[in-house]
Amino acid sequence: MRLAIKISAIALSLCVPLAAQAHRAWLLPSATVLSGDDVWVTVDAAVSNDLFYFEHFPLRIANIGTAPADMPGGRAIAAAELSIKAPDGSKVEARNGSIGRYRSTFDVHLTQKGTYKIAVSNHGVFASYKLNGETKRWRGTAEALAKEIPETAQDVKATMSQSRVEVFVTSGKPTRDALKITGAGLELEPITHPNDLFAETPASFRLLLDGKPAAGTKVSIVPGGNRYRDKLNEMSVTTDKDGKFSVTWPTAGMYWMEAVVRENATAVKGVNERRATYIATLEVLPQ
Amino acid sequence: MRVPISVTLTGALTGAMASSALAADVKLSIEIPRLSVAEYHRPYVAMWLEGADQSFVGNLAVWYDLKQKNNEGTKWLKDLRQWWRKSGRELTMPVDGLSTATRPPGTHQINIPLDRAPFAGLAAGEYQVVVEAAREVGGREILRIPFKWPLKSAEVLKVQGQNELGTVAVDLKP
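Chain order of the listed sequences is A and B. Using the working numbering, the first residue of the first sequence is number 3, and each one after it goes up by one. Using the working numbering, the first residue of the second sequence is number 627, and each one after it goes up by one.
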């Protein structure tokens, strides 16, 4: 039984590195609200069951280092792109990056005052097909799909996966320029500033798919620290027609938020299905 | 973390002091408790004035570690969580006439002239003096002392802290 779970977990992480079934992808910043002159944050990035403990796999990030080749389930996973947006909208490079057995980590030097958005995104196509009676699996880009799958293939099932994992950190006074969305995939447009979240105080957000309201989408929110409690204490809300939803945080702490949209049609030729995932780690402070 | 406040009106003072009330200032007395802990740092303390609805009106004083090189003591200002989001993050420290060094355990008094901000030109209504303390590797505590403005009679309002603050008193004289 245990073996079966282990194998399926590895298989799952092989195919969908950022999808959260039994386990969850996350970024965890050392702080989200900072003061002072020489401000840094360290961000951990991992895929785990318990929030926010690194106990399963690192989140593979392309531009921060190379994963050890002898890591279980290692090489097959495509690395995600890290993008750090400064308060003035410019891009910032991560510093001191590394990928370990259980977590990836990097530093961000916050040289500007205001809010930074740190995002790890991934997109690709996963396909399965039959060739001469044998089931084959393939992954790659949407463009490569038509070229690389043989014409004689049968029962081709292709799913486009877009995922995005984000955190927000603020040095000094919160600003909004870095919060702007890209317009691709599932994204969060904060109404309440994501570094202005307080216990017992409602906060509202909008969920957007390709820049348009993701109406009727379930958003799951899990408070961190579930390793040491019996109940998951998951909160679930559904977006309204404008993609809006509101959360009242019961206590201070780090929260993991996830939403998934599945579609049975895509604009990409040969792709039958799309799965768009959005994940954020949000810090809620005491009153 | 809203702390229930017990306000003690020292009635004996009112009559006697109202007539001789010449000092045009608010006296704030803040007790920093002596704590028996392995690692002690003096607390950062912020004092400000806010409306009954907790809207920010103005700063009274901020005590933080001014002595560190390169203004490094500003790193922990955000631990004064409420003050940080209501005012601190808008300021560039140090601020003349507002920020001073941290204080050792004991009772400290500060005087805020009534003819200066935030009391000068203060509209009539209900207000509260807020005192928030946060200690490095320690805890945090916030106390509120409500009063009515303008002052009708002299009064001393007191509230007792539990952990990071001792007795905090506001001596109000019209």
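Rather than coming from a laboratory, the hints here were simulated on the basis of the structure. Just so it is clear, CB atoms sit at the ideal spot from N, CA and C, and this is done for glycine as well. Hints are supplied without guarantee of correctness; some may be wrong.
[Claimed, not checked] Think about it this way: if two alpha-carbon atoms lie no more than 27 Å apart in a straight line, the pair counts; the simulated BS3-like pairs of lysine-lysine are:
#1 K175/A with K695/B
#2 K93/A with K701/B
#3 K87/A with K701/B
#4 K774/B with K653/B
#5 K115/A with K712/B
#6 K653/B with K778/B
#7 K115/A with K778/B
#8 K774/B with K115/A
#9 K712/B with K182/A
#10 K138/A with K159/A
#11 K712/B with K175/A
#12 K214/A with K233/A
#13 K115/A with K693/B
#14 K778/B with K175/A
#15 K115/A with K87/A
#16 K87/A with K712/B
#17 K175/A with K774/B
#18 K271/A with K87/A
[As the list claims (entries may be wrong)] Some chain A residues near chain B, calculated using beta-carbon distances under 8 Å:
#19 P31
#20 V35
#21 S37
#22 G255
Now the hints, each set against the structure:
1. Only pairs whose Cα atoms come within 27 Å are accepted, and K175/A paired with K695/B is accepted, the gap being roughly 23 Å.
2. Distance check on the hinted pair: K93/A and K701/B sit about 24 Å apart at the alpha-carbon level, within 27 Å; holds.
3. At roughly 22 Å between alpha-carbon atoms, K87/A and K701/B fall within 27 Å of each other, so this suggested pair holds.
4. Of the supplied pair hints, the one linking K774/B and K653/B holds, its CA atoms being roughly 16 Å apart against a limit of 27 Å.
5. Distance check on the hinted pair: K115/A and K712/B sit about 17 Å apart at the alpha-carbon level, within 27 Å; holds.
6. Restraint check: the Cα-Cα separation between K653/B and K778/B comes to about 16 Å, which is no more than 27 Å; the hinted pair holds.
7. Between the alpha carbons of K115/A and K778/B the distance comes to roughly 44 Å, so the proposed pair goes past 27 Å and is violated.
8. With a C-alpha separation of about 38 Å, the suggested pairing of K774/B with K115/A is violated against the 27 Å cut-off.
9. Note on K712/B and K182/A: the hinted pairing holds, with a Cα-Cα distance of about 25 Å set against a maximum of 27 Å.
10. For the given pair, K138/A sits about 11 Å from K159/A by alpha-carbon distance, which is consistent with the 27 Å threshold.
11. Of the pairs offered as hints, the one joining K712/B and K175/A holds, with about 10 Å between alpha carbons and a cut-off of 27 Å not exceeded.
12. Using a Cα cut-off of 27 Å, the hinted pair K214/A and K233/A is violated, with the two alpha carbons roughly 35 Å apart.
13. Proximity of K115/A to K693/B is assessed by CA-CA distance (about 23 Å); at most 27 Å being required, the pair is judged to hold.
14. A hinted pair counts as satisfied when its Cα atoms are at most 27 Å apart, and K778/B with K175/A does not qualify at roughly 38 Å.
15. Note on K115/A and K87/A: the hinted pairing holds, with a Cα-Cα distance of about 12 Å set against a maximum of 27 Å.
16. Our distance criterion of 27 Å between C-alpha atoms is met by K87/A and K712/B, whose separation comes to about 25 Å.
17. The straight-line distance between the Cα atoms of K175/A and K774/B is roughly 31 Å, outside the 27 Å bound, and the hint therefore fails.
18. Restraint check: the Cα-Cα separation between K271/A and K87/A comes to about 32 Å, which exceeds 27 Å; the hinted pair is violated.
19. The beta carbon of P31/A is not positioned within 8 Å of any beta carbon in chain B (closest approach about 14 Å), and the interface hint is therefore violated.
20. A least Cβ separation of about 5 Å between V35/A and chain B falls short of the 8 Å threshold, and the interface hint therefore holds.
21. The interface hint given for S37/A is met, as the beta carbon of that residue sits about 4 Å from the closest beta carbon of chain B, less than 8 Å.
22. The criterion of a C-beta within 8 Å of any C-beta in chain B is not met by G255/A, whose closest approach is roughly 14 Å, and the hint is violated.
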